[in-house]
Amino acid sequence: MIIAEAKPILELVQQLAGLRRVLIAGCGCCVAECAAGGEREVETLAPLLRMALQVEGHPLEILTKTVERQCEWEFVEELAELVPKVDAVLSLACGIGVQAVAERFPDVLVYPGVNTTSLALREEAGLWVARCQACGDCRLGETFGLCPVARCAKSLQNGPCGGTRKNGKCEVDENLDCVWNLIVERAIARGQLETLLRVRPPKDWSNSHHGGPKQMLREDLRP
Amino acid sequence: MKLRSGSRLERVLTAGHFAVTVEVGPPQGPNPEPIRRKAELLRGVADAYNVTDNQTAVVRLSSIAGAKLLLEAGLEPVMQMTVRDRNRIALQSDLLGASALGIKNCLCLSGDHQKASAAGKLKGHPGAKNVYDVDSIQLLAILKGLRDQAVQLSGDPIEQPSPFFIGAAWTPLATPESFRTLRLAKKIEAGADFIQTQAVFDVARFAAAVAKARERGLCERVAILAGIIVPRSARMLRYLNEHVPGVEVPEEMIRRLEAAPQPAAEGKKIAQELIAAVRVIPGVRGVHLQAIENEAVLPEIIASADLLPRPDLDAEPARAAAGRNR
Numbered sequence: 103m104i105i106a107e108a109k110p111i112l113e114l115v116q117q118l119a120g121l122r123r124v125l126i127a128g129c130g131c132c133v134a135e136c137a138a139g140g141e142r143e144v145e146t147l148a149p150l151l152r153m154a155l156q157v158e159g160h161p162l163e164i165l166t167k168t169v170e171r172q173c174e175w176e177f178v179e180e181l182a183e184l185v186p187k188v189d190a191v192l193s194l195a196c197g198i199g200v201q202a203v204a205e206r207f208p209d210v211l212v213y214p215g216v217n218t219t220s221l222a223l224r225e226e227a228g229l230w231v232a233r234c235q236a237c238g239d240c241r242l243g244e245t246f247g248l249c250p251v252a253r254c255a256k257s258l259q260n261g262p263c264g265g266t267r268k269n270g271k272c273e274v275d276e277n278l279d280c281v282w283n284l285i286v287e288r289a290i291a292r293g294q295l296e297t298l299l300r301v302r303p304p305k306d307w308s309n310s311h312h313g314g315p316k317q318m319l320r321e322d323l324r325p
Numbered sequence: 035m036k037l038r039s040g041s042r043l044e045r046v047l048t049a050g051h052f053a054v055t056v057e058v059g060p061p062q063g064p065n066p067e068p069i070r071r072k073a074e075l076l077r078g079v080a081d082a083y084n085v086t087d088n089q090t091a092v093v094r095l096s097s098i099a100g101a102k103l104l105l106e107a108g109l110e111p112v113m114q115m116t117v118r119d120r121n122r123i124a125l126q127s128d129l130l131g132a133s134a135l136g137i138k139n140c141l142c143l144s145g146d147h148q149k150a151s152a153a154g155k156l157k158g159h160p161g162a163k164n165v166y167d168v169d170s171i172q173l174l175a176i177l178k179g180l181r182d183q184a185v186q187l188s189g190d191p192i193e194q195p196s197p198f199f200i201g202a203a204w205t206p207l208a209t210p211e212s213f214r215t216l217r218l219a220k221k222i223e224a225g226a227d228f229i230q231t232q233a234v235f236d237v238a239r240f241a242a243a244v245a246k247a248r249e250r251g252l253c254e255r256v257a258i259l260a261g262i263i264v265p266r267s268a269r270m271l272r273y274l275n276e277h278v279p280g281v282e283v284p285e286e287m288i289r290r291l292e293a294a295p296q297p298a299a300e301g302k303k304i305a306q307e308l309i310a311a312v313r314v315i316p317g318v319r320g321v322h323l324q325a326i327e328n329e330a331v332l333p334e335i336i337a338s339a340d341l342l343p344r345p346d347l348d349a350e351p352a353r354a355a356a357g358r359n360r
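Going line by line, the protein sequences match chains H and Y. To convert, note that position 165 of the first sequence is 267 in our numbering; the numbers rise steadily by one, no gaps. To convert, note that position 318 of the second sequence is 352 in our numbering; the numbers rise steadily by one, no gaps.
Because the hints were derived from the structure by calculation, they are not lab data. Don't take every hint at face value.
[As the list claims (entries may be wrong)] Here are a few chain Y residues that sit away from chain H, every Cβ distance over 12 Å (derived from the structure):
id	residue
1	Arg38
2	His147
3	Gln194
[Claimed, not checked] For lysine-lysine, the following DSS-like pairs were computed, each having C-alpha atoms within a straight-line distance of at most 25 Å:
id	chain 1	residue 1	chain 2	residue 2
4	Y	Lys163	H	Lys109
5	Y	Lys178	H	Lys305
6	Y	Lys36	Y	Lys178
7	H	Lys109	Y	Lys246
8	H	Lys268	Y	Lys36
9	Y	Lys149	H	Lys271
10	H	Lys271	Y	Lys155
11	Y	Lys163	H	Lys316
12	H	Lys109	Y	Lys149
13	Y	Lys246	H	Lys268
14	Y	Lys163	Y	Lys149
15	Y	Lys157	H	Lys271
16	Y	Lys163	H	Lys271
17	H	Lys316	H	Lys305
18	H	Lys167	H	Lys109
19	H	Lys305	Y	Lys163
20	H	Lys167	H	Lys187
[As the list claims (entries may be wrong)] Just so you have them, the derived chain H footprint on chain Y, three or more residues with Cβ under 8 Å:
id	region
21	164-173
22	216-227
23	264-271
Glycine included, C-beta positions come from ideal geometry on N, C-alpha and C.
Just chain Y, same shape as in the assembly:
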């Protein structure tokens, strides 16, 4: 089958492998070393590495530059791009630039609102003027146009197509739940090839949401990667449950971490269990792991979840045709 972007992530999914992506947060400064260190730490444990775009509306090294630094280190990036800070002109210009740098995977997001930023420790920029010229779904369609028709949103041609593997987020358990399947459908209609979900803790409810997507035929059209946040403490889980919309943490999981003599170790175990649990949900084709500023725990978790080594695609070209739509 013809690949859309030829990215490693696309090839892994097309070959029918269960994909692994992890998040790499860029530093709040101009030093590339933190990204290079994370790249060394995480080399080989995932198929692609998300570089966040000023998450929580706090200024960091840009996702384009972060993605390029990962490429230089030999890792494949998923460049996150929000519509909060760029209008349709800047978005498309940055996308063309990213493409020229060899960046293929792009995750299209609304972006955290600047007023809901930073959660206390940092000032952020709550007085900023946001953009929101287009929304995340319209951005998906922009990428699809750049790739499939070699046209800008305006209809003006670009010199050659821009090969993107197009990603979107999905928060299936956020209010209004009855609309969330439709919103997923809209994202696929607009151009999404893969989905990275909001963090899953309540596997039963997540599985039910994926089942609804499956019934609508959506899982055949898009690769869903279930989001997994590695919990570190009961306090963190309680915070996520109470303050992050769309994150539902079962009370017994919070109690389990509360009772654990070593919460960090128990958290790693929970992450492994979550990976195993989402892996068997029909329609889930990978995991997206976040260990917020605690990336060192990821290799061990991925190894114990039996997801290593990551597939060596060059060594097994024959599987590519066979594995689609497992």
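So that you can see chain H by itself, here it is in the shape it has in the complex:
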């Protein structure tokens, strides 16, 4: 899922100071799953922000609404009734949701309430770890289902750099697995270590952001 994390409350206070009425818009999808921008977070944030702004001398009226998905127009539409009543929307959706709201309601200011960080998997309660970088050229079959683009700090394609710690963690972060160590372990378990001997050529990054912002056009689905 798409992973986001709450912005520091101080940043939000600075952003919203001086406004009179704001809608905090939650999203019930990925950001709810990762506890950054779902209904619970919206309803927790609203009184906190109200208090913080009050203390700063900027009383603010806050409305709240959480829709099922801010990245789909039919759900974004559910905000239409409240948006005309506010000066700004603070969207707790991922960057896609924030932009959908801004696009649907061009006359209102839309601020992001979270930082969108990654495409990740919940490994255990309270721990999400990146799994995909949407590189547009998936080769997971060559690395035993483990992605070095997203999970290696250097996106190395041909094995681990010299920075793997003794315990198999990455030198960049003592809590982060070296994904190449995991790939090698999985290869050994399958008796296929020698398959990693092949020199993998440079990737073609052009089907992701590097080829210009990605557009996917499916003629078969066009009206």
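For chain H, the structure is supplied; the task is to place chain Y on it using the hints.
This is chain Y only, laid out in the frame that chain H set:
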């Protein structure tokens, strides 16, 4: 035998000499004098001099400029190049430029990650966007293409081949150890002519790793230069052992420095002993010495390791044919 680049380092190795390279870190500023001073200090004690490429992700004078300054001083550089900061376009452009300046040896590296930078004293640039368009092994293949086929990675031709002597790093004792021989094999397959290893302190384990490479026939295809860091204190050794992946320091060596009345002098002695110990490992064809910002100790260490004077290649052309693959 036909030389690939004609660099001094290549000729020294081809002639069967035990090669010596040392590291020269560029300054954090635009003044060329520190490099010129180091060049004077180290003139004649090594066959080639590595110029690091923004090591620990701290901005320094570029390795290309540093290498050129050494050339001007009459020393042969090994230009280090990382894939952290340049995409395939910038890498190849810089390689062509370096070649035009007369730089022949190039060591291809992944580069220290910008987040793992500077180790405390400096801020570095942890907020930088890294590149990693290609990896270090793919960079080796790029150099090989520029040299052997006179083509860019894309297949576009270049006007004439770019004569590089191609280097790679090897960290044989890092986790996962079972893969490290394969990774060396991949580097050779991609184009590596010489290897400079991570620092060796545990000679027995290093020798065992080299033996595995030898069994795979790798030592005949590549010249391995064992990395030696000159230790200065027990604290430094403990830090390297605990915090630098792939560096394994035996506890007794740390204790020895701890007990030494003059740790710096004892450290020099340890470096000499390490050089002597790796020199007799079959398949090791040189040493790469690092005395991090303490280069003044190197001439004495190299002299007492009986590695001076460095071979005068022009005076002994006859050995060139005889000495290969000793």
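Status of each hint after checking the structure:
The claim that Y/Arg38 is not at the interface with chain H holds, since no C-beta of that chain comes within 12 Å of its own (minimum 19 Å). In this structure Y/His147 is not separated from chain H by more than 12 Å, as the shortest Cβ-Cβ distance comes to only about 5 Å. Y/Gln194, annotated as away from the interface, keeps every beta carbon of chain H farther than 12 Å; the closest lies near 23 Å. Distance check on the hinted pair: Y/Lys163 and H/Lys109 sit about 21 Å apart at the alpha-carbon level, within 25 Å; holds.
For the given pair, Y/Lys178 sits about 18 Å from H/Lys305 by alpha-carbon distance, which is consistent with the 25 Å threshold. The straight-line distance between the Cα atoms of Y/Lys36 and Y/Lys178 is roughly 15 Å, inside the 25 Å bound, and the hint therefore holds. Simply put, H/Lys109 and Y/Lys246 have alpha-carbon atoms about 51 Å apart, too far for the 25 Å limit, and the pair is violated. For the hint linking H/Lys268 to Y/Lys36, the alpha-carbon distance of about 42 Å lies beyond 25 Å, and the restraint is violated.
At most 25 Å may separate the alpha-carbon atoms for a hinted pair to count; Y/Lys149 and H/Lys271 meet this at roughly 15 Å. Annotation: proposed proximity of H/Lys271 to Y/Lys155 holds, straight-line Cα distance about 24 Å (limit 25 Å). Between the alpha carbons of Y/Lys163 and H/Lys316 the distance comes to roughly 20 Å, so the proposed pair stays at or under 25 Å and holds. Proposed proximity of H/Lys109 and Y/Lys149 is supported: the alpha carbons are some 21 Å apart, at most 25 Å.
Distance check on the hinted pair: Y/Lys246 and H/Lys268 sit about 20 Å apart at the alpha-carbon level, within 25 Å; holds. Distance restraint check for Y/Lys163 and Y/Lys149: the Cα-Cα separation of roughly 10 Å lies within the 25 Å cut-off, and the hinted pair is therefore satisfied. As the CA atoms of Y/Lys157 and H/Lys271 are separated by approximately 23 Å, the hinted pair is consistent with the 25 Å bound. For the hint linking Y/Lys163 to H/Lys271, the alpha-carbon distance of about 22 Å falls within 25 Å, and the restraint holds.
Taken as a hint, the H/Lys316 and H/Lys305 pair is honoured in the structure, with Cα atoms around 17 Å apart against an allowance of 25 Å. Restraint check for H/Lys167 and H/Lys109: the C-alpha separation of about 19 Å stays at or below 25 Å, so the hint holds. Taking the CA atoms of H/Lys305 and Y/Lys163, the gap is near 18 Å; set against the 25 Å cutoff, the hint holds. The hinted pair formed by H/Lys167 and H/Lys187 meets the criterion: a straight-line CA distance of about 13 Å does not exceed 25 Å.
Check on the region 164-173 of chain Y: 8 of its residues sit with their Cβ under 8 Å from a Cβ of chain H, so the three-residue criterion for coverage holds. Note: the region 216-227 of chain Y has 6 residues with beta-carbon separation from chain H under 8 Å; the three-residue rule is met and the coverage holds. As drawn, the region 264-271 of chain Y meets chain H at 0 residues by the rule of a beta-carbon pair under 8 Å; below three, the given contact is violated.
Consistency with the previously given hints fails for numbers 2, 7, 8 and 23, ordered from lowest to highest.
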